[in-house]
Amino acid sequence: MNVNFFNLTFLAYILAFVSYLIYAVFKKEILAWLAIIILGLGFIAQTVSVFLRWHLAGHPPFSNLYESLIFFSWAMVAVYVIFNFVYKLKLIGALVSLLALLALGYASVLDNTIQPLLPALKSNWLTIHVVTYSLGYGAVAVSFAASLLYLIVSKNHALSSSLDKISYRLIAFAFPFLTLGLTTGAVWAKVAWGNYWGWDPKETWSLINWLVYALYLHLRFIKGWQGKRAAYLSIIGFLTVLFTFIGVTLFLPGLHSYK
Amino acid sequence: MNKSQNKIIGFLSSVKLAIAIVTLLVITCGLGTFFPKADIYHSGWFIFLLFLLGLNLFICTLTRIKSWRLKMGVVVTHVSLLVILSGTIITVIFGEQGFMPLYEGKAQDVFYSGNKEIKLGFKVYLEDFILEHYAFDDHRLDIFLNGRAIRKNFKVEIGKDYSVSGSDYSFEVLRFLPDFYLDSHKNALTRSELANNPALLVHVKKADETIRQRWLFANFPSFYDTVDADLRFVYSFLPRIKAFKSKLKIIEQDKIVLAKTIEVNHPLNFGGYTLFQSGYNPKYLDYTELKIVKDPGITLLYAGLILLNIGVIFIFYPKLKKL
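Chains as they are written, first to last, in our numbering: chain W, 1 to 259; chain A, 1001 to 1323.
If we strip away everything but chain W, and leave its shape as in the complex, we get (with noise of 0.2 Å):
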């Protein structure tokens, strides 16, 4: 029951993509709202399907890479829907929805029997550390393809402040989820293992996230920094994360390695 759920996100996220891509090209509204309204149904059934396995678990959804990005392309199309209420920007759904599908595809080699918990994750700080890093990270992913459709489009374009405003907002959003998700990791790193920082890889980029957004915000606000070379930054930190959720369970593991 749970691998239907899965299929008919891909599908709807698929269909709200293609359904993106042909906005794009044509400028037909219509096309717009199908492919929202496509993406919003995906996403119900991304929603059902992690309840589900929850509840066919015994425990929260978020143990292993599989579940974990899963969860990833959950907040990603969860932050870009609570943010086209406000902003509107349906271009950028073309590039969430790609990411979207890009996570579940990776999902989808990996294996997805649910598997008994191990012991160091036996805590109620499982969830609200994965859910905050999560929210982070899934709005930082919105943020990027913001940065990467302002550097597409011209300069003159009329939607280019917009890109770039909307980019920093969702950075604005994400910081403090991306300093929450830390402090949780240190503070369950504490209580579970004694120590609250080990400079292991995954603690380590992490931080690195932490700092590269804190130097995006610096550097616009105190120095003025907007436009391409904030987009730049963005990218970056994006590359930084993906880095740490991805890369260093795949190339540098660890004590933090849940495969």
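No lab work stands behind these hints, which were simulated from the structure alone.
Glycine included, each C-beta is placed from N, C-alpha and C at the ideal position.
A hint or two may mislead.
Below are the DSSO-like pairs computed for lysine-lysine, each with C-alpha atoms no more than 27 Å apart in a straight line [said to hold, decoys possible]:
id : chain 1 : residue 1 : chain 2 : residue 2
1  : A       : Lys1205   : A       : Lys1160
2  : A       : Lys1245   : W       : Lys122
3  : W       : Lys190    : A       : Lys1294
4  : A       : Lys1249   : A       : Lys1283
5  : A       : Lys1016   : W       : Lys190
Quick look at which bits of chain A chain W covers, simulated, 3 or more residues with Cβ under 8 Å [to be verified]:
id : region
6  : 1020-1026
7  : 1239-1253
8  : 1260-1267
9  : 1301-1307
Starting from the structure of chain W, add chain A where the hints point.
Below, chain A alone, put in the same frame as chain W:
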């Protein structure tokens, strides 16, 4: 204060310096993850960078606090970082950390930190070490047909049937014995519940006709791995650990003052120390390893973290300040 002193303070409190230091920190941290043996995080260079950042933060906060008065979030955030750094420094200078190996039925009042032996003011007694498995363990097969691996790390379960794609072979996984041995009558039995010699019995068929039953051994993967002329199974066993706990008693002046079972995520606090379940040896279940930590800077650190989160929320969600 003269002009050049002003210039120095100006430089030390500048955002430009902060940006430069943080950029260098980011690069250094990143490199450190690719070259762990260089131990960059304890190197003089890294500590110097952190010191410089702390100095920059301190002077920056002092000189700007008046103009920040109205930006509560900015003040709180920057002060919180200083509080966190202070907590860390206190931990580094005054903290203690080490390991205590403990055997069942024995009490100990010292732990080992590097070369040092540190004496606790109390004894730690291990009443029992407990290792729990999940009922379903993880059995995996690598399946080779005509010398080629056609399935790797294929999960199998006891009592289930499987077919080998690209052939007319099929097999059923019949039995599992965690500590396999043959008795004098050649009966396959298990010595214990510990996975010292995991063995899996498979019943192999070709075109629905029984070929043979064969035991596969995780510890001896090339022993009897050929189930038929062109079919080979390599078996690996992954135990599913549910929990590992130490049942402890704290003894002070020959009296038991505290009894607690500890495991990961549930340590024991006593006498200014925290005792964590660290390692164990699956072959010797009467032994445990505890990690002992004294962290005098932790309160400051937690305070700093709380302030940091409040600070960033005030900056980026200013409407929440009204709560």
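Now the hints, each set against the structure:
Taken as a hint, the lysine 1205 of chain A and lysine 1160 of chain A pair is honoured in the structure, with Cα atoms around 14 Å apart against an allowance of 27 Å. With a CA separation close to 13 Å, the supplied pair lysine 1245 of chain A and lysine 122 of chain W stays within the 27 Å bound. At roughly 12 Å between alpha-carbon atoms, lysine 190 of chain W and lysine 1294 of chain A fall within 27 Å of each other, so this suggested pair holds. For the suggested pair lysine 1249 of chain A and lysine 1283 of chain A, the alpha carbons sit about 24 Å apart, so the restraint of at most 27 Å is met.
Restraint check for lysine 1016 of chain A and lysine 190 of chain W: not satisfied, since their Cα atoms lie roughly 34 Å apart, outside the 27 Å limit. Check result for the region 1020-1026 of chain A against chain W: holds, 4 residues qualifying (beta carbon to beta carbon below 8 Å, three or more required). Only when three residues or more bring their CB closer than 8 Å to a CB of chain W does the claim for the region 1239-1253 of chain A stand; here the count is 5, and the claim holds. Against chain W, the region 1260-1267 of chain A contributes 4 residues with a C-beta closer than 8 Å to a partner C-beta. That satisfies the three-residue criterion, and the hint holds.
Coverage of the region 1301-1307 of chain A by chain W holds [criterion: at least 3 residues with CB-CB distance below 8 Å; count 3].
When held up to the earlier numbered hints, the structure conflicts with hint 5 and nothing else.
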